[in-house]
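Asks: Spelled out, the chains give:
There are 2 protein chains.
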Amino acid sequence: MTNASKLIPKVPGVPRVPSRRAQFSSSTKRALVEVAEELFAEQGYPATSLDQIVAGAEVTKGALYHHFSGKQALFEAVFERIENEARKSIQAGLKGERDPWRKAQAGLRAFLDVVQEPGYRRVVIQDGPSVLGYERFREHEERSTFATVVEIVRAVLTAGEWDLDEEMLQTFTRIFFGAMSSAGESVASSDDPATAAVRVEMAIGFILAGLQSLADAGVPIPAPQDADTGTDEG
Amino acid sequence: MTNASKLIPKVPGVPRVPSRRAQFSSSTKRALVEVAEELFAEQGYPATSLDQIVAGAEVTKGALYHHFSGKQALFEAVFERIENEARKSIQAGLKGERDPWRKAQAGLRAFLDVVQEPGYRRVVIQDGPSVLGYERFREHEERSTFATVVEIVRAVLTAGEWDLDEEMLQTFTRIFFGAMSSAGESVASSDDPATAAVRVEMAIGFILAGLQSLADAGVPIPAPQDADTGTDEG
DNA sequence: TGAGTCACATACCGTTGGTACGTACTCAGA
DNA sequence: TCTGAGTACGTACCAACGGTATGTGACTCA
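Chains as they are written, first to last, in the numbering used here: chain A, 89 to 322; chain B, 89 to 322.
Derived from the structure by calculation, the hints contain no laboratory data. Be aware that one or more of the hints could be misleading.
Which copy is meant is left open, because identical chains are indistinguishable; a pair holds if it fits in one copy or across any two.
[To be verified] Distance condition first, Cα-Cα at most 25 angstroms in a straight line; then the derived SDA-like pairs of lysine to any residue:
1. Lys149 - Leu252
2. Lys176 - Ala143
3. Lys149 - Ala303
4. Lys159 - Asp139
5. Lys191 - Ala135
6. Lys191 - Ala297
7. Lys159 - Gln140
8. Lys191 - Leu296
9. Lys149 - Val286
10. Lys191 - Gly150
11. Lys159 - Gly132
12. Lys159 - Pro188
13. Lys191 - Pro312
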């Protein structure tokens, strides 16, 4: 599945960028990441040894430690790759939708698909927080899938003709993101994922409908600074 | 902080249950769990070695492997302990509230408190899924905190005079549980947890208000089987 | 052409989780 | 009182792991 450290025939002409050595090196690096992704996704991080990875990529640990600072760094590369794929997949599902509410629905559907991929579940959801630590995990999230969800939520909330500060937007997004992750995970581990997905879509659709009805009624989104005006002592 | 394998003076009288050895043994086990909890919470699972734990408990690995089948089993004991504390804490916060909507609010508040405890964050949220695997993690969850949330959501939804099947209840609970976990985590890692908590309470309160308005309007909760009747494809 | 660098390979190390086995102690029953 | 079984550990050890130090050949470029 992956090439590696075999000899390369000398080609006198066309010594093109980015230099044969560098390009060869990048293929080794890619092989490492690909094999690692497969093993991490199948067995999980702790159960996957570096020996397995370098054997699969047909190199030695010297090569691995030349390209990565360690096991965790390699995991992070795999993690980024998977998250990036997920982001692209979700954004592809969003394409063409203009209406914010439909966009949200489409995004949810795409997200539920992504979350059912074993690699995403294992690497991102299961092992991600533990291996990277929650801080780094969140940083990655915020740059990829979370960023996408922010824009969807922003579109939905501004469509409700609410003006909300950025902090509340983040809060709402975090809530929806968590809801979708958790629900998605339950879908993925369900006996009947298809029906479970439908249920999740209905439930979230129902919640969105509730928000829409508040929007129609002109109910404003509360904010911390003017929270003292009309709140019932809660 | 913990006693351990020192000699115990012989007491001729009162050879009471459950036998000196057994009771001594249970204290060793407890010491192991307590020390492990502290270390797992501080450093995380992978960074904590068994040598550290047994040193802290002033015993040896022989004792550890007598009481637990391995590192993972010890972690699971710690995990259960923490989750149990969390459940009790949340239920205590619920006490006295009769109105379902206020009950939900109180539950949310208690949950946000729990989620800010470092031990809960590290052991349950961060390392839990990776160490136990998602299946076992979910099983534990469903027996403790999740079970509590189910009852709150049930109360809220039935108060809305909706009759919902159990599956949809589970789905809604999963959604709210995920939302609360994620939001709680963002609260815990915030620069200003107090304000962040207020924002989360407001946001979720707003979402609940949306549901309430649907309830007032008599909008039914959809279900998979009769989904084709009145849904406006958008 | 030779010094330097890159991209690895090889050999090795300390730590780790786990195991095998020994031992002190308790206690029921002969 | 003796004994044998079982409990609750301690001791010694192991294989596997992540990581490091060092070597080396291919390649580049002044």
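Asks: Against this structure, judge whether each hint is valid.
Replies: These are the hints, each one checked on the structure:
1. Lys149 - Leu252: neither (52 angstroms within a copy, 57 angstroms between copies)
2. Lys176 - Ala143: For Lys176 and Ala143, the Cα distance exceeds 25 angstroms both inside one copy (31 angstroms) and across copies (49 angstroms).
3. Lys149 - Ala303: Result: close neither inside a copy nor across copies, 59 angstroms intra and 62 angstroms inter.
4. Lys159 - Asp139: both (11 angstroms within a copy, 23 angstroms between copies)
5. Lys191 - Ala135: Neither: 39 angstroms inside a copy, 43 angstroms across copies.
6. Lys191 - Ala297: This pair counts as both: shortest intra-copy Cα distance 14 angstroms, inter-copy 23 angstroms.
7. Lys159 - Gln140: This pair counts as both: shortest intra-copy Cα distance 12 angstroms, inter-copy 23 angstroms.
8. Lys191 - Leu296: Classified as both: same-chain Cα gap 12 angstroms, cross-chain 22 angstroms, threshold 25 angstroms.
9. Lys149 - Val286: Neither. Shortest intra-copy (46 angstroms) and inter-copy (50 angstroms) distances fail the 25 angstroms Cα cut-off.
10. Lys191 - Gly150: For Lys191 and Gly150, the Cα distance exceeds 25 angstroms both inside one copy (48 angstroms) and across copies (59 angstroms).
11. Lys159 - Gly132: both (13 angstroms within a copy, 17 angstroms between copies)
12. Lys159 - Pro188: neither (41 angstroms within a copy, 49 angstroms between copies)
13. Lys191 - Pro312: between (29 angstroms within a copy, 22 angstroms between copies)
In the structure shown, a violation is registered for the earlier hints numbered 1, 2, 3, 5, 9, 10 and 12, in ascending order.
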